[in-house]
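Residue numbers (numbering that gives the first Met the number 0), protein chains in the order written: chain G, 0 to 356; chain V, 0 to 366.
I should point out that these hints are in silico values taken from the structure, not numbers from a laboratory. It cannot be assumed that every hint is accurate.
[What the hints assert, rightly or not] Partial pick of chain V residues on the chain G-facing surface, computed with a CB cut under 10 Å: (1) Asn58; (2) Leu173; (3) Tyr183; (4) Asn186; (5) Ile191; (6) Arg262; (7) Ser269.
[As the list claims (entries may be wrong)] Listed next, the in silico DMTMM-like pairs over lysine to aspartate or glutamate satisfying Cα-Cα at most 20 Å (straight line): (8) G:Lys100 <-> G:Glu123; (9) G:Lys87 <-> V:Glu115; (10) G:Lys291 <-> V:Asp39; (11) G:Lys291 <-> V:Asp274.
[Unchecked claim] Where chain V lies over chain G, by a calculated footprint (3+ residues, C-beta under 8 Å): (12) 79-93; (13) 110-120; (14) 124-135; (15) 227-233; (16) 332-346.
Think of the CB as a built atom: it goes at the ideal place given N, C-alpha and C, for glycine as much as any other residue.
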Amino acid sequence: MKVKKIFAMTVSMALCIAMCAGCGSTGGSEGGNDTPATTKAPDAAAEGGSTEGGNTDGGSAPASGELIKVGIINNDPNESGYRTANDKDLKEAFSEANGFKADFSYSLKNDEQIAAAQKYIQDEVDYLLLSAADTAGWDTVLKDAQAAGVQVILFDRTIDADPSLYAASVVSDMAKEGQTAVDWLKGQNLGKYEVIHLQGVMGTAAQKGRSQALIDTAASEGWTIVEEQTAEWNAEKAQQIVQSAIDSNKSFNVIYAENDDMAKGAVAALDKANISHGVGKDVIVMGFDCNKWALEELKAGNWNYDGQCNPFQSSYIKDIITKLQNGETIAEKTIIMDEKGFDAATITQEDVDKYGI
Amino acid sequence: MPQTNNDAKPANILAGLLKNQLVIPLAALLLLALFNLIADPSFFKITLSQNSNGDPVLNGYLITILDFGSELAILALGMTLVTAASGGQDISVGAAMAISGSVMLRVLCGSDSRAETMQAPIIVAFIISCVVAMLFGAFNGSLVAFFRIQPMVATLILFTAGRSIAAWINHNELPIVKDPGFGYFGNYIPGIPIPTPFFIAVGCFIIMWALLKFTTLSLYVQSVGINEKTSRLNGLNPEFIKLMTYVILGVCVSIAGFIKVSRLSTINYSVIAKDIEMDAILAVALGGNALGGGKFSMGASVLGAYVIQFLTTTLYKFGVSADALPAYKAVVVILLVTMSAPAVREKINALKNKKNAGKQASAAGNA
Numbered sequence: 000m001k002v003k004k005i006f007a008m009t010v011s012m013a014l015c016i017a018m019c020a021g022c023g024s025t026g027g028s029e030g031g032n033d034t035p036a037t038t039k040a041p042d043a044a045a046e047g048g049s050t051e052g053g054n055t056d057g058g059s060a061p062a063s064g065e066l067i068k069v070g071i072i073n074n075d076p077n078e079s080g081y082r083t084a085n086d087k088d089l090k091e092a093f094s095e096a097n098g099f100k101a102d103f104s105y106s107l108k109n110d111e112q113i114a115a116a117q118k119y120i121q122d123e124v125d126y127l128l129l130s131a132a133d134t135a136g137w138d139t140v141l142k143d144a145q146a147a148g149v150q151v152i153l154f155d156r157t158i159d160a161d162p163s164l165y166a167a168s169v170v171s172d173m174a175k176e177g178q179t180a181v182d183w184l185k186g187q188n189l190g191k192y193e194v195i196h197l198q199g200v201m202g203t204a205a206q207k208g209r210s211q212a213l214i215d216t217a218a219s220e221g222w223t224i225v226e227e228q229t230a231e232w233n234a235e236k237a238q239q240i241v242q243s244a245i246d247s248n249k250s251f252n253v254i255y256a257e258n259d260d261m262a263k264g265a266v267a268a269l270d271k272a273n274i275s276h277g278v279g280k281d282v283i284v285m286g287f288d289c290n291k292w293a294l295e296e297l298k299a300g301n302w303n304y305d306g307q308c309n310p311f312q313s314s315y316i317k318d319i320i321t322k323l324q325n326g327e328t329i330a331e332k333t334i335i336m337d338e339k340g341f342d343a344a345t346i347t348q349e350d351v352d353k354y355g356i
Numbered sequence: 000m001p002q003t004n005n006d007a008k009p010a011n012i013l014a015g016l017l018k019n020q021l022v023i024p025l026a027a028l029l030l031l032a033l034f035n036l037i038a039d040p041s042f043f044k045i046t047l048s049q050n051s052n053g054d055p056v057l058n059g060y061l062i063t064i065l066d067f068g069s070e071l072a073i074l075a076l077g078m079t080l081v082t083a084a085s086g087g088q089d090i091s092v093g094a095a096m097a098i099s100g101s102v103m104l105r106v107l108c109g110s111d112s113r114a115e116t117m118q119a120p121i122i123v124a125f126i127i128s129c130v131v132a133m134l135f136g137a138f139n140g141s142l143v144a145f146f147r148i149q150p151m152v153a154t155l156i157l158f159t160a161g162r163s164i165a166a167w168i169n170h171n172e173l174p175i176v177k178d179p180g181f182g183y184f185g186n187y188i189p190g191i192p193i194p195t196p197f198f199i200a201v202g203c204f205i206i207m208w209a210l211l212k213f214t215t216l217s218l219y220v221q222s223v224g225i226n227e228k229t230s231r232l233n234g235l236n237p238e239f240i241k242l243m244t245y246v247i248l249g250v251c252v253s254i255a256g257f258i259k260v261s262r263l264s265t266i267n268y269s270v271i272a273k274d275i276e277m278d279a280i281l282a283v284a285l286g287g288n289a290l291g292g293g294k295f296s297m298g299a300s301v302l303g304a305y306v307i308q309f310l311t312t313t314l315y316k317f318g319v320s321a322d323a324l325p326a327y328k329a330v331v332v333i334l335l336v337t338m339s340a341p342a343v344r345e346k347i348n349a350l351k352n353k354k355n356a357g358k359q360a361s362a363a364g365n366a
């Protein structure tokens, strides 16, 4: 019994110490979940610097030793390749070498993100960059930010709040991404269009935008949608859905997958059934997100099209910060990023290296 | 109770079957098969054709079921033991598969996530991933056995943290194995038209069958599950046996994870083997095993796993959207769980006793 008591005490003491240590570095954020709540900027900057050997964009040099304090709230970088690239881009851009002192905090949960935002406001950051997990619930904290003189810039995702509460938002237009892809498909002038449509998790902005473009055009152009199913961004589910279509002898000549993973799963099913795909073959394969491996498939001619979902918002954000620092006003609050679509016939190695994430 | 009643005399097969646990998954299987037969007989068509490499492969819905049901069946083996011994389920198997898959790719690819050649033999990578999965199994198992935490709560830890750990192992990168040899394990070995996962699954069944048949594992697991105190009084070590079942589940997890990463030669931490834990638990439940621990039938669990894949494939065929699948599975779970609830059981038994007192006595006599 005694041993047990001692053991229990040791463990609880260890826990207390761990908690204190945790609070020390996170400054009392309400983390404590699976994702590490906060990374200190110097480490982050060192990481970015050591891997890339300097910044890519020719950002403003440290003016007079006075660093601009930035608090960045993002989603968990493990979420997807997009998020990993996005996080890496931000870390490289907002390094100390570029004149910023950045604090990062990650969570997929809205309440944790709000707690982190409050912490940054208390820390008196100059700018708060935010990719919100959820669209609702941000009014109060944004008002606090305004009262404290913190400029808020949204990136990647918009929120349901009055536009006067934030300085700008840098976002992707998913509907435009879808439209670019569908326009490209229309331009292929196929004799018939029989499309297998693999959707992302239903209700997400990416799914809605990319689906709507195809659905509208299919209706107006008289294309046949052979199969329309959600594979929930999952390669394996996509493989099973396409396998099912093949097993029941459905005829199709286009795979419209709303992300690269699902396109990959679909291609695995095509390969198994000896259905040729890619440039000048039986089935056209389309994906989104421009993962590097996907662009390599494109370059090899195994896929036909990949639509970009631009994770590199940092240069846009830096422009905004520079303008605000110079006392200029932002004319257009919502800034939609340029997003490309790559055609297997014209893609170059340079594109793969530059745009692959 | 041995795993199946294979050794029953032919005359008693029918009577035995009715009492056997296999009756539930078999009935479900027949129901699904019948439904497909009526709706579209081409469901059962199997064709031999070639894949894009020119190798012969079998195609058809039944092959798809055998192919994609394999991981689930392998997981069901371990999950059955865990359920029987600890009276609870491991809900972290999906996350643990992500971890073991990630370890495997890390070993194969080394530091370069797009290595042209494999940096280590597949067997080495597999053994390392297997050891890691066993360690995580032991972690879950010791929480359950020594700290007496509810299995679902204990495994919730890894369920929540597992995918982040998996991503951390590979520094958030998504490694791709380019060697075609790695893909053989999740797809086809050139020249053999039957999907490899099925062979791997059959291998696992045989090993598990031998374990149950020739060792005392089955007896010990069941006695611990039925009554921990009496098994301790009889000289067993319940903690160790519980721990062992979780370690065995760890082995199953690493094999299933291996198949999963081999299918596409890459990994996606957030979606790989997503929700597979619910399917694995459902397989155990569908096999008629008591979710509260105790007696179990391994054969019924395996059959249950394939029935679930049968259901999934059928629903895909009829164009039911993937996000609606869990709803259909939920209906099955609700049915099974209410059927096995003590209150309902008592009612049914009472009803049976009243009606078929004579019949039951004679059936018992025959058996």
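Here is how each hint holds up against the structure:
At a threshold of 10 Å, the smallest CB-CB gap from Asn58 of chain V to chain G is about 6 Å, leaving the interface hint in force. Because the beta carbon of Leu173 of chain V sits about 6 Å from the nearest beta carbon in chain G, less than 10 Å, this interface hint is met. Checking Tyr183 of chain V against chain G: minimum C-beta separation of about 13 Å lies over 10 Å; hint violated. Evaluation of the Asn186 of chain V hint against chain G yields a held restraint, the C-beta minimum of about 7 Å falling below 10 Å.
Against a cut-off of 10 Å between C-beta atoms, the interface hint on Ile191 of chain V is violated, since the closest Cβ of chain G lies about 14 Å away. Because the closest C-beta pair between Arg262 of chain V and chain G is about 7 Å apart, less than 10 Å, the hint holds. Because the smallest distance between the Cβ of Ser269 of chain V and any Cβ of chain G comes to about 6 Å, under 10 Å, the interface hint for this residue holds. Between Lys100 of chain G and Glu123 of chain G the CA atoms are separated by roughly 12 Å; this keeps the pair inside 20 Å, and the hint holds.
The hinted pair formed by Lys87 of chain G and Glu115 of chain V fails the criterion: a straight-line CA distance of about 25 Å is larger than 20 Å. Restraint check for Lys291 of chain G and Asp39 of chain V: the C-alpha separation of about 42 Å exceeds 20 Å, so the hint is violated. At most 20 Å may separate the alpha-carbon atoms for a hinted pair to count; Lys291 of chain G and Asp274 of chain V exceed this at roughly 28 Å. With 3 residues having a beta carbon nearer than 8 Å to a beta carbon of chain V, the stretch 79-93 of chain G meets the requirement of three or more and the stated coverage holds.
Here's how the stretch 110-120 of chain G fares: 0 of its residues keep a CB closer than 8 Å to some CB of chain V, so the rule of at least three is not met and the hint is violated. A stretch counts as covered by a chain when three or more of its residues have a beta carbon under 8 Å from one of that chain; for the stretch 124-135 of chain G and chain V the count is 0, and the coverage is violated. For the stretch 227-233 of chain G, the assignment as covered by chain V holds, since 6 residues bring a beta-carbon within under 8 Å of that chain's beta-carbons and 3 suffice. For the stretch 332-346 of chain G, the proposed coverage by chain V is not satisfied: 0 residues have a C-beta within less than 8 Å of a C-beta in that chain, short of the threshold of three.
Hint violations for this structure: numbers 3, 5, 9, 10, 11, 13, 14, 16, all remaining hints satisfied.
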